[in-house]
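Undergrad: Residue numbers (my numbering), protein chains in the order written: chain A, 84 to 251; chain B, 125 to 405.
Hints are supplied without guarantee of correctness; some may be wrong.
[Stated by the list, open to error] Derived, one-sided and incomplete: chain B residues facing chain A with beta-carbon distance under 8 Å:
id, residue
1, Phe138
2, Ala141
3, Pro254
4, Arg301
5, Ala304
6, Gly306
The hints are simulated quantities; they were obtained by calculation from the structure and are not laboratory data. Ideal Cβ placement from N, Cα and C applies to all residues, glycine included.
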Amino acid sequence: MRGVVVAAALALALVLQTLLTGLVIRGAAALDLVLIVVVYVALTRGPVTGLVAGTVAGLAQDALGSGVLGIGGLAKTIVGFAVGVVGTQFIVSAPLSRLVVFAMATVLHAALFMGLYVGLGLRSFPSPFEAVATQAVGNAFVGVVGFQIIEWLPGLAERRRARRPLKR
Amino acid sequence: MAIADIRQRPGVLFVSAILLHVVIISTQVNAPSGRPLLSALTFGVVGEVQRASMGVVRGVQGAWGGYVALHEVQEENARLEQQVQTLQVRLQEQRAMAERAQSLRQLLELRERAGLDTVAAEVIAGPASPDFRTVTIDRGSREGLAADMSVISPAGVVGRVIQPSARAAIVQLIVDRNAAAGALIERSRVQGVVLGVGSETLQLEYVSDTADVQPGDLVVTSGIDGIHPKGFVIGTVDRVDAGTNGFHVIAVRPAVDFSRLEEVLVVVTPPPGRALTDPGP
Chain A
84 MRGVVVAAAL ALALVLQTLL TGLVIRGAAA LDLVLIVVVY VALTRGPVTG
134 LVAGTVAGLA QDALGSGVLG IGGLAKTIVG FAVGVVGTQF IVSAPLSRLV
184 VFAMATVLHA ALFMGLYVGL GLRSFPSPFE AVATQAVGNA FVGVVGFQII
234 EWLPGLAERR RARRPLKR
Chain B
125 MAIADIRQRP GVLFVSAILL HVVIISTQVN APSGRPLLSA LTFGVVGEVQ
175 RASMGVVRGV QGAWGGYVAL HEVQEENARL EQQVQTLQVR LQEQRAMAER
225 AQSLRQLLEL RERAGLDTVA AEVIAGPASP DFRTVTIDRG SREGLAADMS
275 VISPAGVVGR VIQPSARAAI VQLIVDRNAA AGALIERSRV QGVVLGVGSE
325 TLQLEYVSDT ADVQPGDLVV TSGIDGIHPK GFVIGTVDRV DAGTNGFHVI
375 AVRPAVDFSR LEEVLVVVTP PPGRALTDPG P
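Model the full structure from these sequences, guided by the hints.
TA: If you want it as structure tokens, here you go:
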């Protein structure tokens, strides 16, 4: 069941990524919603689920892109595993620490993705720092806000019920 | 039981996943022979999901708009205001329809002017990853689309088809990092190769530093790449700098505004020297 939820979340992120960049939000291309979901899954479910989520999501993005199949997959696999390990070794429950994890995960992903392309002599990335920094900030913000909303929603109904006076 | 064992050994799983990716990458980098099966299958499925999602989004928009309109009609006190709002909405709709008609007219004019067999298509989705500059269009192999067909718009060259499925296709924009096209400066007929760099500008390379190139020069397709027909506008020269290897460093501003791309034409006539059945690289 958990696997289905993770798969559905990744599929939703993938579809949203294509729809939002194509239709609605200018500059949404700076965000990587799929990476955000991979990091979220890794933080909440651990390194193995993070690794599997990263592999599936990265390969799907590669398959829909114009590059080499597997490079994005490898980058997201490593990021999913690494974030999962960080989530099990450290307490990452405060918004600030999550912000740092999302930002660092984005930077790691960009370094792996670009490093592999440059290392294989397939592409060059002249001055990518501004784009990576923008994406790290965007992903971190959206990731932390999404995290807070997901944690906040289940408790909302209970809090409302608790506030309601008892009927006699 | 076996799955449970693997989950207890994340290190083994991690190394296995890395090896899997390395194998996948190696097969493509060493032997680039078309798109892999996994890629085609994934796009076939996701293309349908994108079409369905767009249908749902439009359906929800329609249902929501209808509900709100009906709800507001019931408010008698706001009848006049409602009428004004309705007229404003209609005016906006008319404007949108006029803009769309204008856009389609330009497309039709381009089709007639170009004298090529083309298929009109609508952009239905953006890239799946911010690392790639691609769009998905609503026409595929059923309409005769194949890989490496040129995609153009009234403003100029858009890119090329890289992966058609039955009813949709992925188009690699000319600004994508993996994109390139044979080009020439219209005024001086100097030839070069236009390369995408992943941003909103292009680079014109392999132009000798003695060649006559000036900012403002129009850059058009040369037709030697076997993909884009000759003479279509790519963009204008933005900046010319001195290079170090005997070549100019030339920045080109694309003629097409890729953030506002809605309708395109896919050229189904192969350029001279390349048959449709050519499997490509």
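Undergrad: All hints, please: hold or fail.
TA: Here is what the structure says about each hint:
| no. | hint | in the structure |
| --- | --- | --- |
| 1 | Phe138 | holds (5 Å) |
| 2 | Ala141 | holds (5 Å) |
| 3 | Pro254 | holds (5 Å) |
| 4 | Arg301 | holds (5 Å) |
| 5 | Ala304 | violated (12 Å) |
| 6 | Gly306 | violated (19 Å) |
In summary, the numbered hints that this structure violates are 5 and 6.
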